[in-house]
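Q: One-letter residues, chain by chain:
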Amino acid sequence: MLEINGLHARVAQGAEILKGISLSVGKGEVHAIMGPNGSGKSTLAGVLAGRERFEVTAGSVTLDGADLLALTPEERAVRGVFLGFQYPVEIPGITNAYFLRTALNSVRRARGQSELDAMEFLVLLKQKAKLMEMDPSFLNRSVNEGFSGGEKKRNEILQMAVLEPRLAILDETDSGLDIDALKVVAAGVNALRSPERSVILVTHYQRLLDHIVPDRIHVLAGGRMVKSGGRELALELEAQGYGWIDAHAGGA
Amino acid sequence: MSAEDNKALSELTEKEYGYGFVTDIEQESLPPGLSEDVVRWISRKKGEPEWLLEWRLQSYRHWLTLTEPHWARANYPAIDYQAISYFAAPKAKTDGPKSLDEVDPELLKTYEKLGIPLQERAALAGIAVDAVFDSVSVATTYKGKLAELGIIFCSFSEAVREHPELVRRYLGTVVPRTDNFYAALNSAVFSDGSFVYVPKGVRCPMELSTYFRINASGTGQFERTLIVADEGAQVSYLEGCTAPKRDENQLHAAVVELVAMAEAKIKYSTVQNWYPGDKDGRGGIFNFVTKRGLCAGRRAHISWTQVETGSAITWKYPSVVLKGDESVGEFYSVAVAANCQQADTGTKMVHIGRNTRSTIVSKGISAGRGQNTYRGLVKVGRKADNARNHSQCDSLLMGSKCGAHTFPVIEVSNTSAVVEHEATTSRISEDQLFYCRQRGIPQEEAVALIVNGFCKSVFKELPMEFAVEAQKLLQVSLEGSVG
Ligand SMILES: Nc1ncnc2c1ncn2[C@@H]1O[C@H](COP(=O)(O)OP(=O)(O)OP(=O)(O)O)[C@@H](O)[C@H]1O
Ligand SMILES: [Mg+2]
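These protein sequence lines map, in sequence, to chains A and B. Using this note's numbering, the first residue of the first sequence is number 1, and each one after it goes up by one. Using this note's numbering, the first residue of the second sequence is number 1, and each one after it goes up by one.
Derived by calculation from the structure, the hints in this document are not laboratory data. Please note that the accuracy of each hint is not assured.
[To be verified] Lysine-lysine pairs mimicking BS3-like chemistry, simulated, CA-CA at most 25 Å apart:
#1 K126/A with K456/B
#2 K348/B with K460/B
#3 K152/A with K456/B
#4 K227/A with K27/A
#5 K126/A with K152/A
#6 K200/B with K145/B
Start from the sequences, fold in the hints, and give me the full structure.
A: Right, here's the structure in full:
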């Protein structure tokens, strides 16, 4: 479904951050990406979602065969790309509910589907919020404003649950979550799993992978994919850190 | 900001003005020029009593001694006051239309185009409308229904004819005819406007609304609004404004006076969308307006809400004089300066009585080459024990060529006063925009969404229908403006 080939990217006019990434994520698969701080995980996520501060200098990305890099961020969203932000953004004065309805109706309109009216949407939203064990009062608060770190992450998953993406890229959604919240978030992701949907999980912690069992694990270091493997790779990393990877990668 | 954002920004901030049509109608207007004869002509035309003519003439003579103020942060060529026509009216068979049936159908069509219901049966439930076309009021709806409650809502000219004692008692008591250059000019040549009187203890059951429309070219519009809420009365009043697109600048110098007696409440909302000029700054309305309210009695309450999206230059400071003990003054403002617009606006809160409170919330949005200035005065007099003021002035910048300026002045002569002022300046961040777009919200809608959020605390003060209209207007004047 998602094919990344020889992808190079940099901050516009800056140093190269991604130095040739290739990755293939099939339908229904969950892939985890791990790697040291600053290795380029968020950059990769940002490039996939169309963040304009990054410039792709070589390589290709296709989603269901279509050139993803040619699309605007909102067009990618319409095709089902969802990015759970490592640092969710605050939008003062706009309620969570209003924001999400605007988002959902924007993609529905773009897909030629009918828009949901306020009542229909509220029913849907309440149901999803319940699934995420989120207090309904969050729906009427401004987007992420004054939310705790963990609440912001949970809110990202609520948005994902409402938008039902085909490709969800979750950038450290597990960081800052307490054990209970981690389980709720994992349940939210697992509920979305289907043969039609794929997930990329960026994480530093093995414990998330206890709850969301990935098909593949990749290690990103210095802007390159230095290792890929099955579940056992996560355990190895947990035990040994990234030192041995760097050695493997020949000091990438 | 990326190149793409920049392109979207300029495309959208240069969006066309949607109300720029001209109504083809037979006009009766004075040739350009201003003199005592012109003042007399206007007064005679309106069949005014001697005292009002005298008032006008004194205003005119005082005006001659004044010079145009230029302390505002606005650049414009000198106005030639002899080149302006001081009266224009749709030609009517008789003195004025007695009912809607007598109103020129072309005029009714104009208001239809503007989305303003003049036909009573088609009118939005609960809104009584007075429509002022160029210099005269053409129709006031729901008059009968309001009269049953003793509420007077009519054109200013009619009020002079039918309720001269009320007009005489209150005219110029809040904004003296000597107040400033434009107020003096208005006092000399004002042609029409709206008058509202709500008797003791009556709550006006519907929104009262006036739509101002400039149509004729080469004319100035000088309307005068006077609203009096007697003891314990309540009224909510809305005004909206549009004008055709013309290459010339047109002068609009209105005066609005509000009087709230003890326990009375007046809520005055404006959605100002005069033609702002084109993207290069050609044409547009000079909106030089004096608005002031007097809280005359104990626990009186006056609230101004304004959404200023139009005009080439806006110069207005809706103010409240808090004379009654425990009276309350509020000012909620959204002002947009896009393209080459210049907005210099704010408020004055003058605390005179004890335990008086005032709130100021100002949201300035600058885009394109727009310049937005907040200018405010909070004054606490010697006897105003326990006066409280809270001011919040926020500026939002879009693009790199615009500007935001804040000049808050605080003068306190009573040590028990608590005056707080907060100010912020921000830009729509790339992070916010990307966040919205990642969720599927197209760029221009994302900008509108973020701006609406920024203006939220002001919009929530507007009556429902107007809040929706204001949001749309904001979107039209700004869509896609990014910082
Ligand atoms: N806008 C930018 N300007 C300059 N450098 C940047 C920018 N964005 C990312 N970088 C650099 O690119 C590298 C990769 O950053 P990235 O955020 O992708 O790392 P990460 O793998 O997500 O790290 P973490 O685990 O800490 O989240 C870092 O060295 C970072 O400083
Ligand atoms: Mg990261």
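Q: Report the numbers of all earlier hints that the structure fails to satisfy, in ascending order.
A: Going through the list in order, the structure violates no hint and respects every one.
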